[in-house]
Amino acid sequence: MSEFVELNFGPQHPSTHGVLRLKAKLDGEIIRELEPVIGYLHRDAEKLCELTFYADNLILFDRMDYVGSMLMESGYLEAAEKILSIDPPERAQWIRVVMNELSRIAAHLVWAGAFGLDLGMLTPFFYCFAERDKILDIFTEICGTRQETNYMSIGGVYQDITPEIMDHILEFTETFPKRLEEIYKLFVKNDVFISRNKGIGVLDRETAIDYGVTGPMLRASGVNYDVRKAKPYLVYDKVNFEVPVSYKGDNLARFLVRFEELRQSVKIVREAVKKIPDGPHFNPKAKKPMMIRLRGDGEYYARTESAKGEFGVYIVGDGGVKPYRVRVRSPTFKNLSVLPVLAKDQMIADMVAISGTLDLVFGEIDR
Amino acid sequence: MKEQLGESVSAVNGKDGIMVHTVAKERLFEFMKEMKEKGFDSLSLITGVDRKDYLEVVYHLHNFATDEYVEVKTTTDNGVVPSLVSLWSSARWDEREEYDLMGIKFEGHENLKRIFLPENWVGHPLRKDYNLKNIQYINMDKDGEDYATFDPGDGW
Amino acid sequence: MSLYSRLVGLFSPLGNLPSEALSYIAESLIMIIIATLGLAFMIYLFRKFMARLQLRIGPNRVGKFGLLQVVADGLKLAGKESIFPKGRDDLPYRVAPLIGMVGLILAFAVLPYGSLFWVGTVTIFDASGTSVSVILLFAIIAIMPIGEVLAGISSRNKYALLGSLRSIAKDVSFEVPMMISVLAVVMMASARTAYPLSINSIVTTEILPYGILEPLGIFVFMVSMVARASYTPFDMGESDSELITGYSTEYSGMRFAMFYMGLFGSILLGSFMVSLFYLGGFNGPLDSSLGVVWLVIKALILVLISFTIWLSMPRIRIDKFVNLGWKYLLPLSMINLILSGILTLGMGW
Numbered sequence: 039m040s041e042f043v044e045l046n047f048g049p050q051h052p053s054t055h056g057v058l059r060l061k062a063k064l065d066g067e068i069i070r071e072l073e074p075v076i077g078y079l080h081r082d083a084e085k086l087c088e089l090t091f092y093a094d095n096l097i098l099f100d101r102m103d104y105v106g107s108m109l110m111e112s113g114y115l116e117a118a119e120k121i122l123s124i125d126p127p128e129r130a131q132w133i134r135v136v137m138n139e140l141s142r143i144a145a146h147l148v149w150a151g152a153f154g155l156d157l158g159m160l161t162p163f164f165y166c167f168a169e170r171d172k173i174l175d176i177f178t179e180i181c182g183t184r185q186e187t188n189y190m191s192i193g194g195v196y197q198d199i200t201p202e203i204m205d206h207i208l209e210f211t212e213t214f215p216k217r218l219e220e221i222y223k224l225f226v227k228n229d230v231f232i233s234r235n236k237g238i239g240v241l242d243r244e245t246a247i248d249y250g251v252t253g254p255m256l257r258a259s260g261v262n263y264d265v266r267k268a269k270p271y272l273v274y275d276k277v278n279f280e281v282p283v284s285y286k287g288d289n290l291a292r293f294l295v296r297f298e299e300l301r302q303s304v305k306i307v308r309e310a311v312k313k314i315p316d317g318p319h320f321n322p323k324a325k326k327p328m329m330i331r332l333r334g335d336g337e338y339y340a341r342t343e344s345a346k347g348e349f350g351v352y353i354v355g356d357g358g359v360k361p362y363r364v365r366v367r368s369p370t371f372k373n374l375s376v377l378p379v380l381a382k383d384q385m386i387a388d389m390v391a392i393s394g395t396l397d398l399v400f401g402e403i404d405r
Numbered sequence: 057m058k059e060q061l062g063e064s065v066s067a068v069n070g071k072d073g074i075m076v077h078t079v080a081k082e083r084l085f086e087f088m089k090e091m092k093e094k095g096f097d098s099l100s101l102i103t104g105v106d107r108k109d110y111l112e113v114v115y116h117l118h119n120f121a122t123d124e125y126v127e128v129k130t131t132t133d134n135g136v137v138p139s140l141v142s143l144w145s146s147a148r149w150d151e152r153e154e155y156d157l158m159g160i161k162f163e164g165h166e167n168l169k170r171i172f173l174p175e176n177w178v179g180h181p182l183r184k185d186y187n188l189k190n191i192q193y194i195n196m197d198k199d200g201e202d203y204a205t206f207d208p209g210d211g212w
Numbered sequence: 090m091s092l093y094s095r096l097v098g099l100f101s102p103l104g105n106l107p108s109e110a111l112s113y114i115a116e117s118l119i120m121i122i123i124a125t126l127g128l129a130f131m132i133y134l135f136r137k138f139m140a141r142l143q144l145r146i147g148p149n150r151v152g153k154f155g156l157l158q159v160v161a162d163g164l165k166l167a168g169k170e171s172i173f174p175k176g177r178d179d180l181p182y183r184v185a186p187l188i189g190m191v192g193l194i195l196a197f198a199v200l201p202y203g204s205l206f207w208v209g210t211v212t213i214f215d216a217s218g219t220s221v222s223v224i225l226l227f228a229i230i231a232i233m234p235i236g237e238v239l240a241g242i243s244s245r246n247k248y249a250l251l252g253s254l255r256s257i258a259k260d261v262s263f264e265v266p267m268m269i270s271v272l273a274v275v276m277m278a279s280a281r282t283a284y285p286l287s288i289n290s291i292v293t294t295e296i297l298p299y300g301i302l303e304p305l306g307i308f309v310f311m312v313s314m315v316a317r318a319s320y321t322p323f324d325m326g327e328s329d330s331e332l333i334t335g336y337s338t339e340y341s342g343m344r345f346a347m348f349y350m351g352l353f354g355s356i357l358l359g360s361f362m363v364s365l366f367y368l369g370g371f372n373g374p375l376d377s378s379l380g381v382v383w384l385v386i387k388a389l390i391l392v393l394i395s396f397t398i399w400l401s402m403p404r405i406r407i408d409k410f411v412n413l414g415w416k417y418l419l420p421l422s423m424i425n426l427i428l429s430g431i432l433t434l435g436m437g438w
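As given, the protein sequences belong to chains A, B and C, one line each in that order.
For the first sequence, position 239 (counting from the first letter as 1) is numbered 277 according to this note's numbering, and the numbering increases by one without interruption.
For the second sequence, position 136 (counting from the first letter as 1) is numbered 192 according to this note's numbering, and the numbering increases by one without interruption.
For the third sequence, position 209 (counting from the first letter as 1) is numbered 298 according to this note's numbering, and the numbering increases by one without interruption.
Since the hints were made in silico from the structure, they are not lab data.
As the structure is a prediction and not an experimental result, all values here were calculated from the model.
Ideal Cβ placement from N, Cα and C applies to all residues, glycine included.
Check before you lean on any hint, since a few could be wrong.
[Said to hold, decoys possible] From the structure, some residues in chain A lie toward chain C, with a derived Cβ separation under 8 Å:
| id | residue |
| --- | --- |
| 1 | 42 |
| 2 | 159 |
| 3 | 160 |
| 4 | 215 |
| 5 | 231 |
| 6 | 237 |
| 7 | 384 |
[Said to hold, decoys possible] Just the calculated beta-carbon pair ranges, DEER-fashion:
| id | chain 1 | residue 1 | chain 2 | residue 2 | range |
| --- | --- | --- | --- | --- | --- |
| 8 | A | 186 | C | 178 | 33 to 39 Å |
| 9 | C | 389 | A | 273 | 56 to 62 Å |
| 10 | C | 178 | B | 193 | 51 to 57 Å |
| 11 | C | 165 | B | 176 | 39 to 45 Å |
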C-alpha cells in the first residue's frame, strides 16, 4: 500500500497559463492522478449572449481566446450572419482571412514563447513577443486596439483596410519568416529541448478523437483534418496552403505542427493581401443604427478553425433581436480534458511540458 | 434508414444544412450506439436549450473518416437524459458543463458535479427562469475549495 | 608582500598581537565588501546581458545606466516584510538562508587572487594560513546545499519539500565527479610542488593550464559548477515553472534576497574556481603583478558563458540529470583521472 502526496498546482502558479488548477496525487516525482479544476475565469458568456443584441455579442467573443481575438470574431460572425441572413461582401471576406491568419500567427507566437518558459527557456519568449508586437501594431493601425480588437462586425468589417496597412502587412510577411526560422532553431537545435519533448505525452489517434481533441493537437496525432480545408468558410477555398500533419503524437510533433502552421499562415497572408478585391467593405443592409434591430431566426452551427482547434458556434434564434441560445464549442476545453490521460504516470516536469503543448487560454475554456 | 433507427425523425431544417435526427430520450442511448458503430467517432458538442416548458438536448456528431456532421436532438420534461460517457469520453466534461449551467441530469455519469461554478451554487444560470438579480458571491474555505454565498460580506 | 603583511605594517604601532588580529579582521571586512560589490555588479551585469540577449534595454532608470538598480532592489527587499509561513520549523527556517550566504563568503575567503600592483598578493587563508586549502574550499562549498535542504524541509510546503528533494538528488550526483576531476588536478600538481593541496601552489604550477592537459576534467568540472550554482539546464531544485521556486518558495524579503544572491555568488565562485584550477588562474602573459586582473578577466568570460547557457537552455529533467551524473560524468572523470595519471608519470611532471 502506498500513500500519495497531494499537490495543488495553481490557480496561481507560473506554468498554468492563467488560472488552471490541477489537483495531483504524487508518488515521489510521478503523477498518479491528475484532476483539472477550471472555472476561475468563468463569466458565462453564453448567458451574456442571450441578454444582448446580436451585434454587441462580438466583444464577448473577443475576450474568449484573447490572444487570437480575430479568429473568435470571425467564428461568431460565421454563425450570426447566417442567422441574420446578411452576407459580408467579397472584400470583407478577404480582409477577414488576412486578419484571421495574422491573429493565428500572434496566437501561436504567444504559445511558443510560453512553451519555452514552461521548459525553462527565458529568451525565446521575448523573441516571440517582439514579433507578435509587430502584428499587434498592425491591428492598432487597423482598428485602434492591440488585443481585444472588435474589428469585424455583422455585415463586414468595421473599417476599410488602406493601402498603407496592406504595405505594412506585406512588409511583415517579408521579415517574419527569417525571424521565425531563428526562433525555430533556438528550440530544435537544442538537445535538451528535444530530450524533454521527444516521446513525451504521446496522444494516440483513437484517444484524441474520443476526447474530442481538435486543431494542431489532433493533426499532430495523425488526423489530417482542418476545417479550413474540409469545409471552407470565408474564402479559404481560394487561397493556397497545406495542412501539416504528424503521426508521432508527442510533444515534439505538436510543436512542429504549430511551427509549420505559422509558416503556412504567413503564406496565406501574403497571398490573400495581394488578392483583396476592390468593393465595399461592409454590407449596407447592416448599417450601424440598424444593426441592433436585426432579427434572427432558425438555428445555425458554424465551425471555424481557430488557433487552438475547431471553434464551433451554435446559435438558436427565436425571431427576436437577441439570440435565444448561444453555445460555444471551445477547442481548448476539449483539449484540456485529455490532460489527465496524458499526464498519468508522468513526472511533474513532463506534465508541465505537456500542458504547455496544449496551448491553454483560459478566456476560452472558462468562457 | 428509418426502420433501422426506430422512431427517429431525420430532416434538414437548419440553415447550415446539417442533418438533424430527432430521437426520444428513451431510445437515445441505443441510437447513439448505432451512430457510433456507423463511424461517428467524435461527439463534438452537447448543447442544452431551455425551451421553457421542456429541455432540448442537441448532440453534434462528427465522422472524421467521411467528414459527416449530424445533429441528434432529444427532449426531456424532467431534465434527465442518459449519459453518453461510455460511448465517447468527450461527453464527460460536456455533460458536466451542461449539468452545471443548464441543470440537465445525465443518468449514468460517474462524476456528475459542477465544472465551472462552486458545488453549492443555487440555480443553473442558462435556464430562462434563472434569477439574475440574486447575486451570489464566491469565497474559498480553509481546504481551498470554493463555495458560493449570498452574503456580500463573506464573498469577494 | 601581501595584503595581509601590508595591513600588519599599517597596524604595527598597536603592537604585535593586536595588529595581527586587526589585520585579519580588516582583511575579512575588505573581502566581504568586495564580495558583496562583486555580487551586486554580477546581478547588474546579468540583467543588462539578459536584456541585450532578449532585445530589451534592461535597467536604465536608477542611476547612470541603471547602475544603482541593484542597490534600489536591495533596499526594497530589505524594507519588505518577511512573511513567516504557518507551521514552519522556526530555527532552521531562519538559519537556512544564512548558511548558504556564510558558506559563500567563506569560500571566497579561501581563494587566492594573485597579486595586484602595490597591494601585493590578495589572499586571506591560503598563503598565510593553510597548506590544505583545496580540502577547506570543498568542505566549505559542501555546507551550502545544507541551507537549501533546511529551507525546503523547514518551510512546510510541498513545493519546497520537492525542491529540496530534487536538490539533494542533484547534489549527490554531481559532487563525486567534481571531486574526482579535482583529484586529477591535485595529482598533476603534486609532481611539481610540495603542497599540492594548496590552491595557491596548484595555480603557481600551472604554466600550461590544466584545462588544456585535461579537457575532460574541465568539462566535468564546468558541468558540476553549473549544477552547483543551479541555473537553467540544471535548476531542478528551484524550477520556476514546475515548483514555483522550489525550496525558497516560502521565503520573502531579505531572506529571499539571500537565496537570490547565493545563486549569483555561486556562479561567480564557480567561475573563479574553474579559472583557478583549469585556466591558469592569476598566471598571465605579463608580469605577475597583474595577477588579479588576469583572474578577473578569465572569471568574467566564464561568467558570461554561464549567463548565455542560463538564458538559452531549457531545463533538464531530474532523472535525466541523475543519469548524466552517474552514467556519463563519473566515468568521464575516472578516465580523466587515469589519463592525467599517465601524463603525470610519463612526462615526468
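Status of the hints after comparison with the structure:
1. The criterion of a C-beta within 8 Å of any C-beta in chain C is not met by residue 42/A, whose closest approach is roughly 12 Å, and the hint is violated.
2. Interface restraint check for residue 159/A: the shortest CB-CB distance to chain C comes to about 5 Å, inside 8 Å, so the restraint holds.
3. About 5 Å separates the beta-carbon of residue 160/A from the nearest beta-carbon of chain C, less than 8 Å, and the hint is met.
4. Look at residue 215/A: its Cβ only gets to about 18 Å from chain C, farther than 8 Å, so that hint breaks.
5. The closest approach between the C-beta of residue 231/A and any C-beta of chain C is roughly 5 Å, which is under the 8 Å cut-off, so the hint is satisfied.
6. Interface hint at residue 237/A: violated, since its Cβ lies 12 Å from the closest Cβ of chain C, which is beyond the 8 Å cut-off.
7. Against a cut-off of 8 Å between C-beta atoms, the interface hint on residue 384/A is violated, since the closest Cβ of chain C lies about 10 Å away.
8. For the pair residue 186/A and residue 178/C, the beta carbons lie near 48 Å from each other, so the given range of 33 to 39 Å is not met.
9. Judged by the Cβ atoms, the range 56 to 62 Å given for residue 389/C and residue 273/A holds: they are separated by roughly 58 Å.
10. Take residue 178/C and residue 193/B: their Cβ atoms lie about 37 Å apart, and the range 51 to 57 Å is violated.
11. One distance hint, 39 to 45 Å for the beta-carbon pair residue 165/C and residue 176/B, holds here, with the actual separation near 42 Å.
Taken one by one, the earlier hints fail for this structure at numbers 1, 4, 6, 7, 8, 10, listed in ascending order.
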